[in-house]
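Q: Now for the letters of each chain:
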Amino acid sequence: MKRRAFAVALGLSLATVGVTACSSGASAGGSNTIHVLVYGDASNKVEKQIVETFNKTSKVKVVLDTIPGADYQSKLNTIINTPQAPDIFFNWGGGSIQPYVKADLLLPLDDMIAADPGLKGNFLSSVFNTAVIDGKSYGIPMRGTQPVLLFNNKKVLADAGLSVPKTWDELLNAVTVLKGKGVTPFALGGGDQWPTLMWYEYVFDRVAGPELFQKALSGDKTAWESPESKKALGMLKQLVDAGAFGSNFDSVKFTDGGSPALLAKGKAAFELMGSWAYATQQDANPDFAKNDLGYSNFPAVADGKGDPADVVGNTNNFYSVLKKTKHPKEAAEFLKLMYSDEFVKAQLAIGNLPTTTNTEQFLSTAASPEYSKYQYDLVKAAPSFQLSWDQAYPPAATTPIHTAVQQFFSGKLDVDGFIKAMQALPAS
Amino acid sequence: MSALSSASASGRRLRAGRRSGVGVTRPGLVWAVPATVFFLLFAILPLVLVAVLSFTSWDGVSAPTFNGLDNWTKLLHDPVMTQSIWLTLVLTVAGVVVQTPVSILLGVWAAGHQRNRAVLSAIFFVPLLLSATAISVVWRAILDPNFGIPSEMTWLFGDGNLMGSQSGAIAVLTFVGMWQWTPMHALLYQGGARAIPQVLYQAAAIDGAGKVRQFLHITLPQLRNTMITSMILMLVGGLTTFDTVLILTQGGPGTDTTNSAYYMYQQAFKSFDFGSGSAIALVLVVVATLISLAVVRLSGYDKMRSTSEGL
Numbered sequence: 001m002k003r004r005a006f007a008v009a010l011g012l013s014l015a016t017v018g019v020t021a022c023s024s025g026a027s028a029g030g031s032n033t034i035h036v037l038v039y040g041d042a043s044n045k046v047e048k049q050i051v052e053t054f055n056k057t058s059k060v061k062v063v064l065d066t067i068p069g070a071d072y073q074s075k076l077n078t079i080i081n082t083p084q085a086p087d088i089f090f091n092w093g094g095g096s097i098q099p100y101v102k103a104d105l106l107l108p109l110d111d112m113i114a115a116d117p118g119l120k121g122n123f124l125s126s127v128f129n130t131a132v133i134d135g136k137s138y139g140i141p142m143r144g145t146q147p148v149l150l151f152n153n154k155k156v157l158a159d160a161g162l163s164v165p166k167t168w169d170e171l172l173n174a175v176t177v178l179k180g181k182g183v184t185p186f187a188l189g190g191g192d193q194w195p196t197l198m199w200y201e202y203v204f205d206r207v208a209g210p211e212l213f214q215k216a217l218s219g220d221k222t223a224w225e226s227p228e229s230k231k232a233l234g235m236l237k238q239l240v241d242a243g244a245f246g247s248n249f250d251s252v253k254f255t256d257g258g259s260p261a262l263l264a265k266g267k268a269a270f271e272l273m274g275s276w277a278y279a280t281q282q283d284a285n286p287d288f289a290k291n292d293l294g295y296s297n298f299p300a301v302a303d304g305k306g307d308p309a310d311v312v313g314n315t316n317n318f319y320s321v322l323k324k325t326k327h328p329k330e331a332a333e334f335l336k337l338m339y340s341d342e343f344v345k346a347q348l349a350i351g352n353l354p355t356t357t358n359t360e361q362f363l364s365t366a367a368s369p370e371y372s373k374y375q376y377d378l379v380k381a382a383p384s385f386q387l388s389w390d391q392a393y394p395p396a397a398t399t400p401i402h403t404a405v406q407q408f409f410s411g412k413l414d415v416d417g418f419i420k421a422m423q424a425l426p427a428s
Numbered sequence: 001m002s003a004l005s006s007a008s009a010s011g012r013r014l015r016a017g018r019r020s021g022v023g024v025t026r027p028g029l030v031w032a033v034p035a036t037v038f039f040l041l042f043a044i045l046p047l048v049l050v051a052v053l054s055f056t057s058w059d060g061v062s063a064p065t066f067n068g069l070d071n072w073t074k075l076l077h078d079p080v081m082t083q084s085i086w087l088t089l090v091l092t093v094a095g096v097v098v099q100t101p102v103s104i105l106l107g108v109w110a111a112g113h114q115r116n117r118a119v120l121s122a123i124f125f126v127p128l129l130l131s132a133t134a135i136s137v138v139w140r141a142i143l144d145p146n147f148g149i150p151s152e153m154t155w156l157f158g159d160g161n162l163m164g165s166q167s168g169a170i171a172v173l174t175f176v177g178m179w180q181w182t183p184m185h186a187l188l189y190q191g192g193a194r195a196i197p198q199v200l201y202q203a204a205a206i207d208g209a210g211k212v213r214q215f216l217h218i219t220l221p222q223l224r225n226t227m228i229t230s231m232i233l234m235l236v237g238g239l240t241t242f243d244t245v246l247i248l249t250q251g252g253p254g255t256d257t258t259n260s261a262y263y264m265y266q267q268a269f270k271s272f273d274f275g276s277g278s279a280i281a282l283v284l285v286v287v288a289t290l291i292s293l294a295v296v297r298l299s300g301y302d303k304m305r306s307t308s309e310g311l
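Which chain is which? The protein sequence lines are A and B, in order.
Read in the working numbering, the first sequence has 43 at position 43, and its numbers run on one by one without any break.
Read in the working numbering, the second sequence has 213 at position 213, and its numbers run on one by one without any break.
The set of hints was computed from the structure by calculation and includes no laboratory data.
A few of these clues could be false.
To be verified - Stretch-level coverage of chain A by chain B, calculated; a stretch enters the list once three of its residues show a Cβ under 8 Å from a Cβ in chain B:
# : segment
1 : 127-135
2 : 144-155
3 : 333-346
4 : 350-356
Stated by the list, open to error - Taking lysine-lysine pairs in the DSS-like style, the calculated list, with each CA pair at most 30 Å apart, reads:
# : chain 1 : residue 1 : chain 2 : residue 2
5 : A       : K45       : B       : K270
6 : A       : K221      : B       : K74
7 : B       : K74       : B       : K270
By construction, the Cβ of each residue, glycine as well, lies at the ideal position given by its N, Cα and C atoms.
Bound conformation, chain B alone (with noise of 0.2 Å):
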């Protein structure tokens, strides 16, 4: 019987303390609220205003007006919108596979202790303090077929038409973006290799394991989680690419290089069809929504497993 009423009792002070406990390191939802405002104002309530002008016709000008789902079956059997979204895939793919191991083998070096390690990596993260418009300008002058480096070099470029071919305008915002954005990515692959416990490699290299089996076997398993945070960034970066698009290709030659992102800009912003426009935005946002689900859920970056040390 005492043995009973203690134990009830100490589980009515257990819950006490839990409930206490709940109260100081759980604060309440008013908290939310500053940012709960500004993700309705800012995100939420314009996503719902775009998926409503996407049924509507408006210029920008005079009263939206409804036309039901005018803009979505136009947008269907519009060529240049399912083309975009391949494009869209396409230089979003290229991204990822170009970016991802020049920024690992960077980001892994430039986590060593190497001599001059510092000062050129320094030199290597300065396109990241460019705005994406600057470098667009600057390699727009580079790559100009008679002034820029292709004149200099015919035997590799022919006559410099990069811009002119679909491929070629591709192959240049591809590499525009690589030269743009892998300084950012290798920056998390270096915090990311920093963090790799120093006992694992003094492991191996008691077994007698090399630098290159050190590499594949213990740098590259233990960057999966960074590896899977670079490539989302890389994948929403990639389906939102304007600027360079804008400033380098104007989405041509035509429409050759025009992805969902540029289209939507210029239905909206070019030809004041705000409706198209909208319908466009309103499709990226479903498709850039189901990408990273997909990714998150392959990844199994949902259930992140802690790497620390002793794994």
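Looking at chain A on its own, in the form it has when it is part of the complex (with noise of 0.2 Å):
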């Protein structure tokens, strides 16, 4: 007799927590609001100034979401399919939004540009055609482009005579010189992996133009096994055992300052890091950053198939709509606000740089105008931006991308093994 009543009492109480369970999930989604969920971090000022605009003037208000950095993938991974999803969310383009394209979540964004071109005619289309899958337009530009550079201490280059290298023999030169004068060569924050692949996406875009990785990336595993991969490999390896980036950058991180204080405080000579680097060093060292930090395209590669000119990294970051959002209407006007002049000139006043047509007209009420300027010049003249590799590929490559690159460099994957591990990857 207890025993059943203890069993129908755990049978209650489940079922009582099953019920709240499911009327907690069906009442999100409020019915005259459009939740925007974004990557939360200093850029958060301008979209909440952006938002605060749009609701000036709309019915439907925008509410802005804001999930800490380091979790924002996963958090959006978890409810993207739920209730709780947001009607238009950050992300990166490429391979991040691939699997929810997959899981025909998206709502493509080709409409809305029939109706206004301006969506798709106002950005520079090499950082537009990031977020473009299957030849349709899933995300806007919504924050700056990052592109890649090679940053530079100037006093430490003046004073073991040396300028900027403008070709890879060069380079190597510089390598040799600042190793006979106790200077790291390059400052790298091993430690987080994706700092090192960055290496990587330049040596090969040099030595064998984009079209490797993109052959690569579109499921053609012989890319890496050509003899351009082979090439590209064996100058890295060079570079390694020359002892370019010192002994211990396993043990170095970008993200805890380490390797940016290698190079502000004159013990590295380069570092190769995105272009928020710049703003790293404001914050933590701002007598350098005006004074001696110095920056450049990485250098060319004689005989190599790629463009001098050719850049990777960040093309942008997008805003992608969900395809069951209420107000698709009111998220395109929304959208429209990713070129307009004032969310220009708000993201040029914290240091971004973003990717419209009229961004060169405000350059000059940019944080740090010189610095925009060579910047948007860069992205503007570039052939080719590749996307990082690892936000390129879909995210379960990521892991295996940056375990490889760091096995590369500190021994544990020879040539062959490193090819096997990129051509392990799943396939996009």
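Build the complex: two chains, separate frames, hints provided.
A: Right, here's the structure in full:
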């Protein structure tokens, strides 16, 4: 008798919990709001401002939800196919939204673009194309572009009698000279793994052109064992073996301020890093950023197929719209603000470089006009702007890519091992 | 006859008494409902769901699809998985070996009545109050090869590439784990040592035993059960070490410190392969259960005898 009562009580309480769980799920997603989910960081200032501007005139109100950076992708992936999903969300284009396109969750923006061609025409095309998948547009650029640049410490270079390397041979020469002076040629935050990847992205581009990676990404795995691929890997290996990064780079991180400090304090002469490194230095070492922080494009490789004007990095961040949004019209109106003068000025003021065609006329209002102009000209003139490999592939490939680039630098993988690891990546 | 009847009457009374006694001292099963429901909901149900997920392919976005034993065969041939189990065991054993002697010594010392004992104990227990995240971030900075202690002590650390080699990274994880967890185990031993009857020491002193002999022949044997408790906690903690790995090494260099718990997280929440992640989680549950059972059996913890005064 007692046992049955126990079982009934158990069943009842389970049922209650189940019911409450369901009802709480259904209540999300208000009727007259658009939820916009963004990566939480310093740039949210602009997003808040744009949302306020939009809400002044619109009946349907935009609600901005920020998720602290490191957890953004996990959180998004967890909620995107649930009633808690946002209407519009921040992403990196490319592989980062591919699983959602495949699951038929995203709204192709081509109809919006047909209604307002400015939603495409007002953005630099090399950037806009990052969020084009299978010929359909899925994203509108909504922050700044982040090309990878070769930063340098001008004082260290001057002391060593060196100038900024324009070719690979000059770069190798700089390594020898700097080593002789007891300076680590290149600061590298190998502990984060993605800074190591940047070296592959540039060397592969310079040696083989952007086509090799595009071929590999589209599923042709033979690209990795091509002679160009092997040549690029050989050059990287040569660089590591020459001590270009010192010996303890795997214990150094960019994210905890380790590698930027090496550059700022003159213990290293160069650092290959995304354009955000400028803001990092301004924040951590303002005097260095003002007086001695130099920057240049990655050097050319003799006989290489890649154009020395090519850049790699994060083309921009994008807003994508979910198919099930109740307010596609208002969403389109909101997206139009991403090429407004107000947006461009606000982004420039906090040091971001928007990728709209009207950015150029406001460059003088930027936080550091000279630096912004340099980047803008670089991106505009670039024949190819390759999205970071770990963003171009779907998320499942990120860890294997990071592991492989780290292990090749540390010597745990040889050329063949690296090629095998890249060929084993989940196809897109 | 009268004797018999009185015996049976007393027997009846006894039985009746016992029955009423049961009613008073043993509460009904209904009392166990809240705890049981919570246990079922938050331990058993997720475990079953994870078991089901381990036979599916699920990226967390589209609906899970059953793929039979795919995850399991993949796991069986995955060198990272094999390595992760080995690493988990190495980290666990290293943790027990390093932490146990230090915490016994500290705990027994803290159980005494020396001068400044309370103040020093309070300082020793500070790491217990810090979150694992804070501890990891702090040690990461202290061990920075260019700006931390290694750059000042090159005679000991060389180029300071601690996180760049497998042995270095394991040593760091073990050391930080010791720094973090020793206080808690010292606390256990302090309690255990305090509970040892003073008469044992007095008797030993009369017999001429010095401090060291007293420690070896009275304190250590009397702490046997505390040791088992502490070791089981260390084992379970070691098997599920995650936060320090996440912040200090991120499983690196490469996959050199990717233990099973971190590999599970990586598969499920970085690569969004919840099927493989679930399979790893199940392996971890099974391994941890087996090890705990073995320890309980081997140590005689299941038939633990009282160590009250006079033994």
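Q: Assess, step by step, whether the Cα of K74 of chain B is no farther than 30 Å from the Cα of K270 of chain B, and give holds or violated.
A: Given pair K74 of chain B, K270 of chain B holds - Cα atoms ~18 Å apart, limit 30 Å.
Q: Test coverage of the segment 144-155 of chain A by chain B using CB-CB distances below 8 Å; three residues minimum.
A: violated (count 0)
Q: Residue count check for the segment 350-356 of chain A against chain B: does it reach three with CB-CB under 8 Å?
A: Per the Cβ count (0), the hint is violated.
Q: Check the hint pairing K221 of chain A with K74 of chain B against an upper bound of 30 Å on the C-alpha distance.
A: Given pair K221 of chain A, K74 of chain B holds - Cα atoms ~21 Å apart, limit 30 Å.
Q: Taking beta carbons only, do three or more residues of the segment 333-346 of chain A come closer than 8 Å to chain B?
A: violated (count 0)
Q: Okay, the segment 127-135 of chain A and chain B, do three or more residues pass the C-beta test at under 8 Å?
A: violated (count 0)
Q: For the pair supplied as a hint, K45 of chain A and K270 of chain B, is the alpha-carbon distance within the 30 Å limit?
A: holds, 28 Å
Comparing the model with each numbered hint stated earlier shows that hints 1, 2, 3, 4 do not hold.
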